[in-house]
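Got chain A sorted already, so can you dock chain B onto it with the hints?
2 protein chains.
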Amino acid sequence: MTVKAPARNERVADAPVDRLFLDRWSPRAFSPEPIAGETLRTLFEAARWAPSCFNEQPWVFIYSGTEEDRLRILDVLTERNQVWAKNAPVLALLFARRTFRKTGRPNRWAAFDCGAAWMSLTVQARFLGLYTHAMAGYRRDRAYQAAGIPEEEYEVICAIAIGRYGDPEDLPGEIRASEFPKDRKPLAEVAVAGQWPEGRV
Amino acid sequence: MTVKAPARNERVADAPVDRLFLDRWSPRAFSPEPIAGETLRTLFEAARWAPSCFNEQPWVFIYSGTEEDRLRILDVLTERNQVWAKNAPVLALLFARRTFRKTGRPNRWAAFDCGAAWMSLTVQARFLGLYTHAMAGYRRDRAYQAAGIPEEEYEVICAIAIGRYGDPEDLPGEIRASEFPKDRKPLAEVAVAGQWPEGRV
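Each protein sequence line maps, in turn, to chains A and B.
Read left to right, the first sequence gives residues 1 to 201 (our numbering).
Read left to right, the second sequence gives residues 1 to 201 (our numbering).
So here's chain A without its partners, still in its complex pose:
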């Protein structure tokens, strides 16, 4: 069954913008329909070409290739996220390398660069009609264990659900009630010409 995702709803642009950005949102109603391995490779390929400080490419995506992998990553999530993420056909954990390979010095742009890679993945997903949802709700210690990645070298950044849109009716009531694209602050609050207005916090 194909369920139409909620439309742009109340989202109103403050300036003309490609509809890609208005149509993208982070749903919780995922369809369990599998995603082909080659499609997943295309998503990570987009992330691969993201820019990064000194071209360090600090990102590492550990993703579910099998149902066993998927359940291992699902178990990393908070229970609140497991409730809906259990339906997502693909789950991933994103890690950032803490230091630059060449110098060994701390990379203070690693998380920022991971954000660029994650957004590239998401844009490519949208081109293919897929949805993504990044989560901060996970258990850090379990993330390192599940991914088998050394915490000394890598920092867990987020968990990610990937898939097609599902049926919001399958969501528990509390979650279903917030299953719509959220609004944003006015443009003038996040992009300021000149200098930050004195006294604004």
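Everything labelled a hint here was simulated from the structure, so no lab data went into it.
Think of the CB as a built atom: it goes at the ideal place given N, C-alpha and C, for glycine as much as any other residue.
The reader is advised that the hints may include incorrect statements.
[Claimed, not checked] Simulated coverage check for chain A against chain B, where a stretch passes if three residues somewhere in it have a Cβ under 8 Å from a Cβ of chain B:
1. 20–29
2. 59–66
3. 74–87
4. 110–118
5. 163–169
6. 172–186
7. 192–200
[To be verified] Computed cross-link-like contacts, DSS-like style, restricted to lysine-lysine with a CA-CA straight-line distance of at most 30 Å:
8. B:Lys-182 x A:Lys-102
9. A:Lys-102 x B:Lys-102
10. B:Lys-185 x A:Lys-102
11. B:Lys-102 x A:Lys-185
12. A:Lys-182 x A:Lys-86
13. B:Lys-86 x B:Lys-182
Using the frame of chain A, we list chain B on its own:
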């Protein structure tokens, strides 16, 4: 004069991907041709709709609306970056709010979320034929001063140059020699199904 930007060069995709990602790169040869204010608004509008932890939208872009602004931000950059960034018609500084507005607690996803906003801006820029270049080479103390933004509340993340592609012949020899799109690690190194290979660093 319109100068054609270097082509994809040696960039070879490891998996099929939208050419947007292969064609995007961070040049240093910018044309000083001005960017219309409404075009800039469109770029920041794309950033505005990026996803963020708890929809906090921790990003703040302080950008040059006037030549005076532009020179103020240019002065924040390291001399090495000033050499080429002086030609970019628009310069910006990206800041992340350190804490969540609702709870006052530290936002450990702020830089990551800023990366998503920055990549959204960049994708929208590519849709309009523009280029962007994020820089880690800036003086932190000067960034806060130039933007007039309180360091206690906001963390400087990067500087950004925005504009049309210029003439690489205008670049000093050393910089001109590296004016081409850079390669990336193999896909298999940054996207791993299952678990991180034991012993890999």
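- Message: Given the hinted pair B:Lys-182 and A:Lys-102, is their Cα-Cα distance within 30 Å?
- Response: The hint holds at about 16 Å.
- Query: the segment 20–29 of chain A covered by chain B? Criterion: 3 or more residues, Cβ-Cβ distance below 8 Å.
  - Reply: holds (count 6)
- Query: Holds or violated: the segment 74–87 of chain A covered by chain B, criterion of 3 or more residues with Cβ-Cβ distance under 8 Å?
  - Reply: violated (count 0)
- Message: Between the alpha carbons of B:Lys-185 and A:Lys-102, is the straight-line distance 30 Å or under?
- Response: holds, 14 Å
- Task: Tell me if chain B covers the segment 163–169 of chain A under the three-residue, 8 Å CB rule, please?
- Result: violated (count 0)
- Distance restraint between B:Lys-102 and A:Lys-185, which requires alpha-carbon spacing of 30 Å or less: Holds - the C-alpha atoms of A:Lys-185 and B:Lys-102 are around 14 Å apart, at most 30 Å.
- Message: Just to be careful, I want the Cα atoms of A:Lys-182 and A:Lys-86 compared with a cutoff of 30 Å; is the pair within it?
- Response: holds, 22 Å
- How does the coverage statement for the segment 110–118 of chain A fare against chain B, requiring three or more residues with Cβ below 8 Å from a Cβ of that chain? holds (count 8)
- Item | Outcome, coverage hint (the segment 192–200 of chain A, chain B; C-beta under 8 Å; three residues) | holds (count 6)
- Starting from A:Lys-102, check that the Cα of B:Lys-102 is at most 30 Å away, please. violated, 40 Å
- Decide if the proposed pair is consistent with the structure: B:Lys-86 and B:Lys-182, CA atoms, cutoff 30 Å inclusive. holds, 22 Å
- Query: At a Cβ distance under 8 Å, does chain B reach at least three residues of the segment 172–186 of chain A?
  - Reply: As far as the segment 172–186 of chain A goes, the hint holds, because 3 residues have Cβ atoms under 8 Å from chain B.
Consistency note: the structure conflicts with the earlier hints numbered 3, 5 and 9.
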